[in-house]
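Chain residues, written in single-letter form:
Number of protein chains: 2
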Amino acid sequence: MRQLIIFACLLGTTALAGEGKWTPQQVLELGPGWVKQQGFTLPLATLWDKKKGTGLLSNAVQLPGCSGSFVSADGLLITNHHCVVSILQEHSTPAANLFEDGYLAKSRADEKASKAFRIQVPRAFRDVTAQVRPQLDAAKSDLERFLAMETAQKTLVAQCEKEAPGPGATATRCTFAAFDGGVSFALTVFDELSDVRLVWAPPRGVGEYGGEIDNWTWPRHTGDFSLVRAYTSKGEPYHPQHFFPLSAAGVKPGDAVAVLGYPGVSYRGLLAREMEERAQKFFPAREAWTTEWIALLEEATKGSPEGTIAVSDDLRSLANVRKNAQGQVAGIARGKILQKQRDAEAQVVAWATPKPAQKGAVEARQQLEALLDQKLQRWEHDFALDFLGSSSKALGWPVLLARLAGERAKPDLEREPGYQDRDLARTREKLARDQKKLFVPADKKATLAWIKRALALPKDQRIAAIDARFATAKDDAELSKRITALYEKSKVLDADARSKMVDELPEALKARKDALLELGFALDAERKALKDQRDGWSGAALKHRPVWRAAVTGFAGKPVAPDANSSLRVTFCRVKGYVPRDGVEMKPQTTLAGMIAKHTGLQPFVVPARLLEAARAGKLGRWKDAKLGDVPVAFLSDCDTTGGNSGSPAIDATGKLVGVNFDRVWENIANDFGYNPEIARNVNADARYALWQLEEVEGATDLLTELGVARKP
Amino acid sequence: MRQLIIFACLLGTTALAGEGKWTPQQVLELGPGWVKQQGFTLPLATLWDKKKGTGLLSNAVQLPGCSGSFVSADGLLITNHHCVVSILQEHSTPAANLFEDGYLAKSRADEKASKAFRIQVPRAFRDVTAQVRPQLDAAKSDLERFLAMETAQKTLVAQCEKEAPGPGATATRCTFAAFDGGVSFALTVFDELSDVRLVWAPPRGVGEYGGEIDNWTWPRHTGDFSLVRAYTSKGEPYHPQHFFPLSAAGVKPGDAVAVLGYPGVSYRGLLAREMEERAQKFFPAREAWTTEWIALLEEATKGSPEGTIAVSDDLRSLANVRKNAQGQVAGIARGKILQKQRDAEAQVVAWATPKPAQKGAVEARQQLEALLDQKLQRWEHDFALDFLGSSSKALGWPVLLARLAGERAKPDLEREPGYQDRDLARTREKLARDQKKLFVPADKKATLAWIKRALALPKDQRIAAIDARFATAKDDAELSKRITALYEKSKVLDADARSKMVDELPEALKARKDALLELGFALDAERKALKDQRDGWSGAALKHRPVWRAAVTGFAGKPVAPDANSSLRVTFCRVKGYVPRDGVEMKPQTTLAGMIAKHTGLQPFVVPARLLEAARAGKLGRWKDAKLGDVPVAFLSDCDTTGGNSGSPAIDATGKLVGVNFDRVWENIANDFGYNPEIARNVNADARYALWQLEEVEGATDLLTELGVARKP
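As you go down the protein sequences, you meet chains A and B in turn. If you're matching positions, the first sequence starts at 247 in my numbering and goes up one per residue. If you're matching positions, the second sequence starts at 247 in my numbering and goes up one per residue.
There's no promise every hint is true.
[Stated by the list, open to error] Straight-line distance between alpha carbons at most 25 Å, and here's what the computed BS3-like set of lysine-lysine pairs gives: (1) A:Lys-400 x A:Lys-789; (2) A:Lys-690 x B:Lys-548; (3) A:Lys-386 x A:Lys-777; (4) B:Lys-527 x B:Lys-698; (5) A:Lys-705 x A:Lys-527; (6) A:Lys-586 x B:Lys-844; (7) A:Lys-844 x B:Lys-582; (8) B:Lys-833 x A:Lys-844; (9) B:Lys-582 x A:Lys-865; (10) A:Lys-844 x B:Lys-569; (11) B:Lys-358 x B:Lys-480; (12) A:Lys-548 x B:Lys-698; (13) A:Lys-690 x A:Lys-737; (14) A:Lys-569 x B:Lys-844; (15) B:Lys-400 x B:Lys-656; (16) B:Lys-756 x B:Lys-676; (17) A:Lys-870 x A:Lys-833; (18) B:Lys-498 x A:Lys-833; (19) A:Lys-683 x A:Lys-621; (20) B:Lys-586 x B:Lys-527; (21) B:Lys-844 x A:Lys-582; (22) B:Lys-656 x B:Lys-690; (23) B:Lys-756 x A:Lys-844; (24) B:Lys-844 x A:Lys-527; (25) B:Lys-756 x A:Lys-873; (26) B:Lys-690 x A:Lys-548; (27) A:Lys-548 x B:Lys-548; (28) A:Lys-683 x A:Lys-569; (29) A:Lys-527 x A:Lys-777; (30) B:Lys-844 x A:Lys-833; (31) B:Lys-865 x A:Lys-582; (32) B:Lys-586 x A:Lys-844; (33) B:Lys-873 x A:Lys-833; (34) B:Lys-282 x B:Lys-804; (35) B:Lys-774 x B:Lys-746; (36) A:Lys-408 x A:Lys-480; (37) B:Lys-833 x A:Lys-498; (38) A:Lys-833 x B:Lys-833; (39) A:Lys-621 x A:Lys-774; (40) B:Lys-548 x A:Lys-698.
Calculated from the structure, these hints are not laboratory results.
Using the sequences and the hints given, assemble the complete structure.
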């Protein structure tokens with residue numbers, strides 16, 4: 247722990263209000279004065295106890311892909327509705343659709359246990375830099391350095407997970423994270439709880455209100471929350487070390503809040519030129535390719551209800567990727583993020599250049615740029631290969647099957663992440679389920695489009711497997727003919743045949759003489775070569791980036807929040823609206839009346855009947871905000887969040903839970919590259935919206951008591 | 247004049263702040279206290295001199311389809327950029343595109359005279375009810391009553407226009423208007439000035455910035471203004487009786503403003519059931535039909551650059567009609583306009599029923615509803631016929647040609663309005679110009695679609711001309727075959743042949759034995775029958791509506807603004823933002839920075855280079871609003887405007903010009919049916935935006951001096 251704090255001291259640049267996904271250790275470094283400045287009245291020692299190495303902030307627990315927090319002494323936990331969809335599906339039957347209708351356990355006996363849903367409660371935070379760094383330094387090549395880190399990580403995690411779990415927990419789970427590209431490394435030690443039961447999920451018309459249409463937007467009217475309860479391995483309610491009682495008072499504009507959780511990944515530590523590659527090549531290419539795919543899927547399924555249904559999921563997902571890409575480009579431009587990063591780098595270089603001790607930093611930066619130049623030389627080739635999985639089933643599935651077989655041939659521990667035995671069930675299920683997404687005429691069009699893109703690659707960036715099969719085709723008609731022949735000479739698109747292929751070793755697969763599988767093996771070989779190349783690049787970055795980043799933070803002379811890496815972070819901010827463009831102001835809060843006004847009776851805008859009735863009858867109870875004159879539904883704050891923060895608690899200055907984070911606004915997507923205080927806004931579901939439903943719609947008085955907001959007699 | 251004032255006294259119901267397109271006479275009736283309440287410090291006698299029968303308010307002059315106002319003693323006049331497009335086109339050459347680049351006359355000698363552009367300055371307002379009403383009352387049938395009014399109108403206007411024009415004017419022009427469906431009638435006597443010269447028009451990137459995309463929306467960044475100068479018949483600058491000096495101080499949120507001009511038409515005097523017909527039948531049908539046409543034109547021109555260009559104007563116009571229809575339906579629902587009208591009517595009926603003197607009013611209302619019932623019985627038939635002109639060229643042109651020929655056979659004065667000799671040149675030109683909008687494959691699809699709609703009409707509402715030709719077709723293929731045959735047996739779609747047809751009498755046209763023309767004559771006969779039916783309905787309404795409206799205003803007991811009828815009106819309001827939906831607030835002002843932020847380099851968002859340069863260099867001069875920190879571009883106010891108010895001056899409490907009205911927000915389209923104070927907002931170009939350009943971009947110091955805002959030495 248101490249070492250991690252020392253590294254924290256090395257980090258730097260003045261943080262803007264709201265900016266910074268701080269580690270708990272950095273919060274200690276920033277000090278009680280700073281925390282008070284953020285509007286927090288709780289003593290710093292309560293937020294984080296230096297001796298224990300945990301604190302109130304560690305009441306941010308990790309859920310699959312999400313965050314959450316305990317809200318009662320009896321293991322009640324709040325998170326997003328979209329984080330528990332798997333439990334809702336698990337318990338849904340044709341007669342009772344929990345996703346559609348929601349669920350409220352009338353008593354603890356009625357809580358719905360889940361087979362697979364697990365949560366991880368952090369128990370300890372451990373700096374392991376001293377165990378990792380020497381092994382990296384000893385490596386004789388870039389690839390070796392990469393592999394040394396993989397080994398160190400696997401070893402440390404395996405070792406850590408042998409430790410005895412805390413009281414009531416099922417197992418110890420450990421996660422490994424690199425900070426600042428390798429300046430430091432840490433393990434988070436979790437108590438895993440595997441008995442998690444659904445207590446309350448609102449109906450779809452609350453939890454998913456607005457759906458994809460409202461996704462990434464404001465104003466928002468989604469009640470994206472749910473309650474589950476954690477049980478010990480003995481089946482008793484779990485008693486967490488900390489919990490956040492719910493606030494009945496709620497928030498108002500300007501109030502201080504903090505959002506805690508496990509943000510996944512961000513890119514603020516990239517060099518300006520690396521960001522440029524994202525802003526000027528990667529995201530524009532993503533936008534162009536997804537736009538082409540969307541158009542061709544729409545065209546190929548026009549007039550076919552069967553085709554339209556089949557491609558609808560893929561279309562939605564492509565549209566999402568495109569919306570994100572557009573948002574990244576727009577946000578990077580709007581925030582002048584490239585220019586800011588260039589200026590910041592120039593300052594660090596000017597500071598480091600005359601210092602003999604920093605000579606390595608200036609060189610490291612050059613090395614990182616040289617590495618980027620290498621990537622740029624084969625950029626189009628690599629991008630095309632990466633897009634394979636989003637192109638067509640006839641290209642994506644064979645490559646996946648080839649890869650599965652190749653990895654299966656290795657001992658379990660040596661396989662690529664995601665291809666170990668424990669991952670197989672999920673992959674098998676997905677490959678079976680995705681059959682319904684196949685519409686052959688559209689798939690052929692997508693295959694043709696990808697192959698044409700591959701054939702248009704620069705001469706020195708060709709994909710051999712494609713050239714061998716298609717380079718001699720004279721025109722589109724000829725290409726289409728050869729593609730059709732491939733489809734005809736393959737069983738990959740047949741669900742039954744494919745389900746058998748999942749479990750076969752390479753020899754068996756190859757013996758099938760299946761044309762698409764043969765193409766899959768050939769493409770997978772190129773993909774594997776690319777992976778090796780990338781592992782080498784990663785190994786080189788592990789050498790250079792920490793040197794450069796140490797200079798950046800050394801120059802700053804104070805804590806600089808490291809990029810997100812799925813480790814515990816806290817961000818302090820204020821409830822605040824924003825001006826998305828001249829003449830328009832987004833207010834920081836939305837209301838029940840606004841939610842009702844959006845009701846169309848068509849998905850995703852169908853307000854549940856009981857809620858509509860209560861709202862129209864003016865049954866607002868004590869949850870009416872005096873200033874708003876209505877029940878608040880969602881609020882904005884300028885917290886610094888990203889993917890992984892779904893379900894993160896938003897707490898007020900006294901440590902009470904006032905909301906649950908569930909999204910960012912579209913203008914703020916490029917936040918991953920730089921914080922722009924003008925439009926950096928995260929979206930929280932207001933806790934009072936949940937409490938209003940529990941009290942006025944559901945009559946769940948026991949729950950309200952447990953949440954600390956029992957009605958005064 | 248006195249009589250008109252008496253009628254004004256009969257009108258009523260409490261007006262909301264901002265509500266009311268008042269006649270000048272009503273402003274007198276509302277009194278000085280009321281005017282002061284609106285924030286106006288000018289004495290009422292200055293706004294309107296009872297003795298003279300004119301006043302400052304009569305410095306709202308009429309332009310073709312627009313309004314405008316004098317802004318200097320030397321006849322300088324401000325209006326919208328979009329109101330002078332015809333002058334810009336007149337003077338554009340391939341080498342100098344005034345619409346694209348704008349124009350500034352360096353001296354008076356450089357001002358660009360226009361051949362056709364005329365303005366009308368009001369000289370007197372005359373109540374003519376006593377001359378009209380007896381002729382209506384003497385009519386023996388509804389149709390006779392309608393014709394009696396047509397005759398009265400024509401006679402009064404002809405008589406009036408014989409009067410000598412005022413000093414410097416070319417001619418006297420008179421317009422006739424019915425108030426409240428015939429409660430009163432008035433003539434406005436205008437001095438026509440036919441020597442109007444272009445002084446300044448900003449480039450397209452200012453005057454039309456945002457184009458169709460921003461049309462009807464907020465935030466808005468269009469500098470929709472232009473300056474022209476009126477000259478007397480002797481070629482000297484015209485000296486108007488009144489003018490509005492420009493305000494250098496501008497406006498801020500909450501400031502009082504008034505907008506003056508000639509709003510065209512509104513429908514607040516309709517019965518609730520008549521509004522229902524609009525909201526539930528007419529606008530939804532418009533939306534459905536235009537949606538079908540848009541889809542079929544897009545489909546039929548897909549992949550054809552030629553077709554795409556040909557239908558682009560029609561597509562834009564259909565999209566506009568659809569956007570309007572959707573806005574009307576949404577706005578009527580949002581403002582609960584039907585329910586409010588029902589409630590208001592019920593109150594009037596309850597008030598009138600026990601009064602023997604009002605017996606006629608209750609009956610009149612029933613008669614108007616009976617009239618509506620008659621219309622509803624043949625509604626689908628009539629709507630289909632009305633849509634002919636928007637359907638296809640092959641249907642629209644022949645009907646127009648048949649009608650032209652039919653009207654030409656009559657003496658000029660007996661023809662339908664729009665078909666007199668003076669209208670011919672424009673019609674001929676349009677028929678020639680529209681050739682470029684013809685794309686036969688798309689046109690055939692549109693013809694097919696209309697015919698299918700006609701064949702699907704209820705049994706008792708058939709269109710005989712269509713039944714005769716198409717009812718026996720078995721399927722679409724057969725219909726298409728017969729349509730193709732029509733196209734083949736016609737010369738109507740040939741531009742040269744058509745240009746000859748324009749001047750032929752019915753016999754000559756019929757002698758051509760042209761299949762489409764024959765269909766055109768048959769359809770025109772049905773259209774003519776519909777017109778006769780409608781004239782009868784109008785005649786009936788002329789009997790009943792005034793009786794009902796007199797009761798409505800009698801019940802109110804105070805001035806009620808009558809529906810717009812292209813006569814001079816004034817509306818008093820405040821600079822004010824609005825909340826279009828929960829969580830979003832529209833600020834009342836936009837800025838230069840906001841305009842620059844929208845610049846994409848692609849139409850309609852191309853900021854002119856010199857303006858971009860000046861803005862980026864921070865050359866804001868004295869036009870920077872301290873509070874906004876920037877040059878203001880546009881502002882919202884809750885004035886009660888409609889079509890015809892384009893170019894209307896917005897003046898402040900002291901009679902200085904602060905802006906030029908040019909649009910309403912989309913939420914406010916249904917304003918024509920009822921005023922909803924929450925979202926009733928008109929859009930004004932801020933005068934300071936014009937002044938900033940003249941001073942900082944154009945260096946037009948003489949003009950600034952003439953406008954009363956010379957820079958202090």
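Each hint tested on the structure:
no.	hint	verdict
1	A:Lys-400 x A:Lys-789	20 Å, holds
2	A:Lys-690 x B:Lys-548	22 Å, holds
3	A:Lys-386 x A:Lys-777	19 Å, holds
4	B:Lys-527 x B:Lys-698	19 Å, holds
5	A:Lys-705 x A:Lys-527	19 Å, holds
6	A:Lys-586 x B:Lys-844	22 Å, holds
7	A:Lys-844 x B:Lys-582	16 Å, holds
8	B:Lys-833 x A:Lys-844	22 Å, holds
9	B:Lys-582 x A:Lys-865	23 Å, holds
10	A:Lys-844 x B:Lys-569	19 Å, holds
11	B:Lys-358 x B:Lys-480	17 Å, holds
12	A:Lys-548 x B:Lys-698	23 Å, holds
13	A:Lys-690 x A:Lys-737	15 Å, holds
14	A:Lys-569 x B:Lys-844	19 Å, holds
15	B:Lys-400 x B:Lys-656	16 Å, holds
16	B:Lys-756 x B:Lys-676	23 Å, holds
17	A:Lys-870 x A:Lys-833	18 Å, holds
18	B:Lys-498 x A:Lys-833	21 Å, holds
19	A:Lys-683 x A:Lys-621	34 Å, violated
20	B:Lys-586 x B:Lys-527	19 Å, holds
21	B:Lys-844 x A:Lys-582	16 Å, holds
22	B:Lys-656 x B:Lys-690	33 Å, violated
23	B:Lys-756 x A:Lys-844	57 Å, violated
24	B:Lys-844 x A:Lys-527	23 Å, holds
25	B:Lys-756 x A:Lys-873	74 Å, violated
26	B:Lys-690 x A:Lys-548	22 Å, holds
27	A:Lys-548 x B:Lys-548	14 Å, holds
28	A:Lys-683 x A:Lys-569	21 Å, holds
29	A:Lys-527 x A:Lys-777	20 Å, holds
30	B:Lys-844 x A:Lys-833	22 Å, holds
31	B:Lys-865 x A:Lys-582	22 Å, holds
32	B:Lys-586 x A:Lys-844	22 Å, holds
33	B:Lys-873 x A:Lys-833	20 Å, holds
34	B:Lys-282 x B:Lys-804	18 Å, holds
35	B:Lys-774 x B:Lys-746	23 Å, holds
36	A:Lys-408 x A:Lys-480	20 Å, holds
37	B:Lys-833 x A:Lys-498	21 Å, holds
38	A:Lys-833 x B:Lys-833	12 Å, holds
39	A:Lys-621 x A:Lys-774	16 Å, holds
40	B:Lys-548 x A:Lys-698	23 Å, holds
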